[in-house]
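**Student:** Residue numbers (my numbering), protein chains in the order written: chain P, 1 to 377; chain F, 1 to 377.
A portion of the hints provided could be inaccurate.
Identical copies carry no separate label here, and so any pair may be met within one copy or between two of them.
What the hints assert, rightly or not - Calculated lysine-lysine pairs in the DSS-like style (CA-CA distance at most 30 Å, straight line):
no., residue 1, residue 2
1, 241, 327
2, 241, 148
3, 208, 110
4, 232, 327
5, 358, 323
6, 327, 202
7, 323, 241
8, 110, 211
9, 202, 326
10, 148, 323
11, 350, 148
12, 110, 308
13, 232, 326
14, 241, 326
15, 326, 350
16, 232, 148
17, 232, 184
18, 326, 148
19, 232, 358
20, 327, 110
21, 327, 358
22, 110, 184
Note that these hints are calculated values from the structure, not bench results.
Protein chains: 2
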Amino acid sequence: MSELYLYERELVIPPEEYVRVHHTLAREFVYEIFAAAGLRDDDAHIVADVLVTADLMGISSHGIQRVRRYVDGLLRCCVNPRPDIRVVRDCGATALIDADNGLGHIAGVKAMEIAVEKAERYGVSLVLVKNSHHYGIAGYYSLKAVEKELIGISTTNSEKLVAYVNTVTKSLGTNPIAVGIPRKTPPPILFDSATAVIPVGKIEIYSKLGKTVPEGWVIDSEGRMLSGEASKVLSEIRSGKASILPLGGLGEEFGGHKGSGLAFIVDIISGVLSGAAWGLHVRYTVDTAPANVGHAFAAIDIDAFMSKEEFYQRIESYISEIKSLKKHPSADRIWIPGEKAWYTMMTRLKVGIPVHVKLCDELNSIAGNMGLGRRLC
Amino acid sequence: MSELYLYERELVIPPEEYVRVHHTLAREFVYEIFAAAGLRDDDAHIVADVLVTADLMGISSHGIQRVRRYVDGLLRCCVNPRPDIRVVRDCGATALIDADNGLGHIAGVKAMEIAVEKAERYGVSLVLVKNSHHYGIAGYYSLKAVEKELIGISTTNSEKLVAYVNTVTKSLGTNPIAVGIPRKTPPPILFDSATAVIPVGKIEIYSKLGKTVPEGWVIDSEGRMLSGEASKVLSEIRSGKASILPLGGLGEEFGGHKGSGLAFIVDIISGVLSGAAWGLHVRYTVDTAPANVGHAFAAIDIDAFMSKEEFYQRIESYISEIKSLKKHPSADRIWIPGEKAWYTMMTRLKVGIPVHVKLCDELNSIAGNMGLGRRLC
Numbered sequence: 001m002s003e004l005y006l007y008e009r010e011l012v013i014p015p016e017e018y019v020r021v022h023h024t025l026a027r028e029f030v031y032e033i034f035a036a037a038g039l040r041d042d043d044a045h046i047v048a049d050v051l052v053t054a055d056l057m058g059i060s061s062h063g064i065q066r067v068r069r070y071v072d073g074l075l076r077c078c079v080n081p082r083p084d085i086r087v088v089r090d091c092g093a094t095a096l097i098d099a100d101n102g103l104g105h106i107a108g109v110k111a112m113e114i115a116v117e118k119a120e121r122y123g124v125s126l127v128l129v130k131n132s133h134h135y136g137i138a139g140y141y142s143l144k145a146v147e148k149e150l151i152g153i154s155t156t157n158s159e160k161l162v163a164y165v166n167t168v169t170k171s172l173g174t175n176p177i178a179v180g181i182p183r184k185t186p187p188p189i190l191f192d193s194a195t196a197v198i199p200v201g202k203i204e205i206y207s208k209l210g211k212t213v214p215e216g217w218v219i220d221s222e223g224r225m226l227s228g229e230a231s232k233v234l235s236e237i238r239s240g241k242a243s244i245l246p247l248g249g250l251g252e253e254f255g256g257h258k259g260s261g262l263a264f265i266v267d268i269i270s271g272v273l274s275g276a277a278w279g280l281h282v283r284y285t286v287d288t289a290p291a292n293v294g295h296a297f298a299a300i301d302i303d304a305f306m307s308k309e310e311f312y313q314r315i316e317s318y319i320s321e322i323k324s325l326k327k328h329p330s331a332d333r334i335w336i337p338g339e340k341a342w343y344t345m346m347t348r349l350k351v352g353i354p355v356h357v358k359l360c361d362e363l364n365s366i367a368g369n370m371g372l373g374r375r376l377c
Numbered sequence: 001m002s003e004l005y006l007y008e009r010e011l012v013i014p015p016e017e018y019v020r021v022h023h024t025l026a027r028e029f030v031y032e033i034f035a036a037a038g039l040r041d042d043d044a045h046i047v048a049d050v051l052v053t054a055d056l057m058g059i060s061s062h063g064i065q066r067v068r069r070y071v072d073g074l075l076r077c078c079v080n081p082r083p084d085i086r087v088v089r090d091c092g093a094t095a096l097i098d099a100d101n102g103l104g105h106i107a108g109v110k111a112m113e114i115a116v117e118k119a120e121r122y123g124v125s126l127v128l129v130k131n132s133h134h135y136g137i138a139g140y141y142s143l144k145a146v147e148k149e150l151i152g153i154s155t156t157n158s159e160k161l162v163a164y165v166n167t168v169t170k171s172l173g174t175n176p177i178a179v180g181i182p183r184k185t186p187p188p189i190l191f192d193s194a195t196a197v198i199p200v201g202k203i204e205i206y207s208k209l210g211k212t213v214p215e216g217w218v219i220d221s222e223g224r225m226l227s228g229e230a231s232k233v234l235s236e237i238r239s240g241k242a243s244i245l246p247l248g249g250l251g252e253e254f255g256g257h258k259g260s261g262l263a264f265i266v267d268i269i270s271g272v273l274s275g276a277a278w279g280l281h282v283r284y285t286v287d288t289a290p291a292n293v294g295h296a297f298a299a300i301d302i303d304a305f306m307s308k309e310e311f312y313q314r315i316e317s318y319i320s321e322i323k324s325l326k327k328h329p330s331a332d333r334i335w336i337p338g339e340k341a342w343y344t345m346m347t348r349l350k351v352g353i354p355v356h357v358k359l360c361d362e363l364n365s366i367a368g369n370m371g372l373g374r375r376l377c
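Chain P with its partners taken away, still in its complex shape (with noise of 0.2 Å):
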């Protein structure tokens, strides 16, 4: 790990407008922000600790520039700052919540605790949320399984973004699938993905960058190929005039039904079937309506199949055959899922997450407006 040790997977340009804010008062920061919006203390904390654990983890899309969004749904009253969120039905192995249109991270780590309960009891356990928000990155609630030693599954849905195969406007989620794998030693394996071929953060951060979309990610309304310019590209997307193409591209040749088909079968489990909205009725956090967005959390005890000691074992073994093939001449090296994220972390742990000027005077005014004295940087 040592040759790792500066790695930082999001590129950070130009670093001179950027500030590097430690970890401890990014996290102080965000929950004065979220406690004076009107959360409970707890709550506050957790929503903090979600957005600081992305832009530890490289994921700033999901990190604290989401503070402007979430703050605005609250604010206007759409989102619920002291939401009462309730077991609706418990049958064994499995739960239904109701988010009472709070913040979702509150109600994601709510279910992944009963979920982890639940699997410790029974072996494995599916605990669905309805009438939430966005959650933030579905990794973090994975991790928490991880952190009691269990495989942690977590998906949601969200709002449209993504064309179904062979349509040409937006009217899935991004939809993705987290799973995390526990090791004897960090770090644990952690799949977070989008079912979309990326995220919309990708071409969020390509529009900050400057830099062009290549063909291939995004269609218009005629289902052409729209690449160039990303703040273009993206302007056009929120408009509702192109799309985000789903894992596997265009048409069916490269999969373009597989990726659309798990985004699909993501929402008919977080959304329809928790209750929650699906597909074209997710809203956005700061709609008049309440989102209604749907997740779910399943977690795995492996006790339940043998011991933890042969499984780490095992899962030791397949890495390590793993590191050893043969590396595409391409490519800079042969990556575990989770593992840029997790030395991403180590190192913003010691030199700080990098938040840009600009978001830095954003959070600063938000601070300012609340009444608060607190600076960010």
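Following the hints, put chain F in place on chain P, whose structure we already have.
**Tutor:** For chain F alone, kept in the frame of chain P given last:
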């Protein structure tokens, strides 16, 4: 559905080289071969049903053309014809099954039966199988749960064919994920997909049809795209000089790390956690050592979350919304996962399954060698 009455997803070209065989005749014929190969009566019926169902659904790569492979495995004594399939661990909502080196279909049907019983009791279940062999189409088992009005999930690992992202040699199976969702009336939703960009069966079919493989499916051992004559590409894969790419293709730009990650996760749950082989160690049916394939079966009881009536209504709304989307100009139709297979089955139940004359000769000869008087066609 009337417009689709004679729909078949697979091309049967040239038609004069195919004979149409009634599914009942095919099932009986295949049953007799497996009974003669030493399987118990019930087990021979199961294997025959899985294979003929694949042909009915238009997945002929997994249909009766696999009889030779399985019979070879049985007669060379690598596959156990009379496995003692045992539940070796049972922990509430989970179970672990030892397939005793028998054909995967037999353990698969039993495992999904247990998964259904457990889900009806606990809401969700997970049953893993070790020490097994190839089990045919993953979707068959999901549909077994769907018949009982549960959601059924099935995954399996398989012999290496796919290059892990950023590597150039075969190290992962095509490790499919199948999810079946019941509907009020057929067809059920059935997502059944290799986590590779294509299943190897697609190249086998292209090879038979004399078609060419496009760039983006296969790489050679130096990491270069391999395209052209399918029969040549297939023999390079078989000889270990080429690999299928994961869903998402080469590298990470279009999500090759996502397809590769999904295959890895399927392998960890089906193979590593079950106690079966994984990755490089999963063997082919006719190898002298046991294949030690691992499978996973999960079921979800809809009633644990909402009434079936409400679920079915929600699913119908979702499907009709998808069907109403604006179609891509190059697409023939907007398909729901499983429709192609179902409509092909409806057609072939009436007109028979197409069997190539060479396959017919092969199967007749297998039957003859086993002392059976019967001919398939």
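**Student:** Please go over all the hints and tell whether each is borne out by the structure.
**Tutor:** Going through the hints against the structure:
no. : hint       : in the structure
1   : 241 to 327 : between (40 Å within a copy, 15 Å between copies)
2   : 241 to 148 : neither (44 Å within a copy, 42 Å between copies)
3   : 208 to 110 : neither (34 Å within a copy, 54 Å between copies)
4   : 232 to 327 : between (36 Å within a copy, 24 Å between copies)
5   : 358 to 323 : neither (40 Å within a copy, 43 Å between copies)
6   : 327 to 202 : both (25 Å within a copy, 26 Å between copies)
7   : 323 to 241 : between (43 Å within a copy, 20 Å between copies)
8   : 110 to 211 : neither (39 Å within a copy, 53 Å between copies)
9   : 202 to 326 : both (29 Å within a copy, 26 Å between copies)
10  : 148 to 323 : within (26 Å within a copy, 43 Å between copies)
11  : 350 to 148 : within (25 Å within a copy, 54 Å between copies)
12  : 110 to 308 : both (25 Å within a copy, 26 Å between copies)
13  : 232 to 326 : between (39 Å within a copy, 23 Å between copies)
14  : 241 to 326 : between (43 Å within a copy, 13 Å between copies)
15  : 326 to 350 : neither (33 Å within a copy, 50 Å between copies)
16  : 232 to 148 : neither (44 Å within a copy, 49 Å between copies)
17  : 232 to 184 : neither (46 Å within a copy, 44 Å between copies)
18  : 326 to 148 : neither (34 Å within a copy, 46 Å between copies)
19  : 232 to 358 : within (20 Å within a copy, 56 Å between copies)
20  : 327 to 110 : neither (41 Å within a copy, 40 Å between copies)
21  : 327 to 358 : neither (40 Å within a copy, 41 Å between copies)
22  : 110 to 184 : within (25 Å within a copy, 33 Å between copies)
Consistency with the previously given hints fails for numbers 2, 3, 5, 8, 15, 16, 17, 18, 20, 21, ordered from lowest to highest.
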